[in-house]
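Numbering (the UniProt record's numbering), first residue to last: 1 to 294.
Worth flagging that the hints you see were computed from the coordinates, not collected in a lab. The C-beta atom is built at its ideal place from N, Cα and C for all residues, glycine as well. Please note that a few of the clues may not be correct.
[What the hints assert, rightly or not] Restricting the straight-line Cα-Cα distance to at most 25 Å, the calculated cross-link-like pairs of lysine-lysine (DSS-like) are: (1) 261 with 238; (2) 261 with 169; (3) 173 with 238.
[As the list claims (entries may be wrong)] Computed spacing ranges between beta-carbons, pair by pair: (4) 129 with 248: 19 to 29 Å; (5) 226 with 85: 47 to 57 Å; (6) 195 with 215: 20 to 30 Å.
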Amino acid sequence: MWDHVFSTQNPNIPGTSATINPPLAHQLKVYIYIDNSNLLVQGRRTYAFRHNMSADEDPTWRCNYIGLKAILTAKSRLSADGQIDEPNVKVNLYGSTIHPAETVYSGIKSDSFNVNLSQRSSWTGGEKEVDVKVITDLMEHASEAYFNHVKAEFILVTGDRDMYYPVEKVATKYNLPVHIWSWDNALASVYTEAHHPLIHVYSLDEYLEQIGFCEPNFRLDKNVINPRSIVILDPLPKADEIEEFFSDWKFPTRRYEFEEKRADASSSDLAVVPALSRHIKDDALDDAFQAAKT
1 MWDHVFSTQN PNIPGTSATI NPPLAHQLKV YIYIDNSNLL VQGRRTYAFR HNMSADEDPT
61 WRCNYIGLKA ILTAKSRLSA DGQIDEPNVK VNLYGSTIHP AETVYSGIKS DSFNVNLSQR
121 SSWTGGEKEV DVKVITDLME HASEAYFNHV KAEFILVTGD RDMYYPVEKV ATKYNLPVHI
181 WSWDNALASV YTEAHHPLIH VYSLDEYLEQ IGFCEPNFRL DKNVINPRSI VILDPLPKAD
241 EIEEFFSDWK FPTRRYEFEE KRADASSSDL AVVPALSRHI KDDALDDAFQ AAKT
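Full structure from sequences and hints, please.
Here it is as structure tokens:
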């Protein structure tokens, strides 16, 4: 784990030397901003690397947003001087309207979670306006906190270089702490090369298992079972053996339980579908299938 604190001073801009009136309230306000696509894409790559998979990513990896919020608030070095009440935490989650986790978005909408959805580009598949929305909200909240003398800190789940300038502005102009959380494989070097006492950088990698889980269920309403899949007949009697075998597999997989149970079976048959078969060479899949037969 790395946890850096950096510092830069600009005498021409109100910064750490500026005098700011004390906050009107003792309760600390914490604003969290999460770029969901960045979080998931890099998290799936980190998971695949951690588990020595042959694929570059594991698409079955999902984020536990409640767990992520808990880690961010507990492990960030939030100011506690004069703190009477628990911090007032607001989470801003930015994602796409066409996304596998869309059902998760509706499940976490609450007073502490604000879900912002953008359309994907029909040309590139990228999400429109996500960075713009994050920057706009960050600057608006920082400005309000500064001019209303509210004690506030900001947590961003991002490693994008484009986000550094507004982050530095919040720390330098408004003299407010900013905490950057990023996957090691996605952190722009500008964050580690800068030096500012109010910009703190943390690694998500250490908490990979705590903030995420794998969802291997295969949905026929959204996918077609790849013909290069494994079908296990009546899996229940050999469930432990099956789990042990696939725990050593180097390919991410999804699973589909057939609705119809054969008359002579104690459980429904199970299809094990390679999650990234289009990116896996046929020879590698053939070797995996042969190993499954034995």
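Hint-by-hint comparison with the structure:
no. : hint                     : in the structure
1   : 261 with 238             : 16 Å, holds
2   : 261 with 169             : 62 Å, violated
3   : 173 with 238             : 63 Å, violated
4   : 129 with 248: 19 to 29 Å : 43 Å, violated
5   : 226 with 85: 47 to 57 Å  : 53 Å, holds
6   : 195 with 215: 20 to 30 Å : 41 Å, violated
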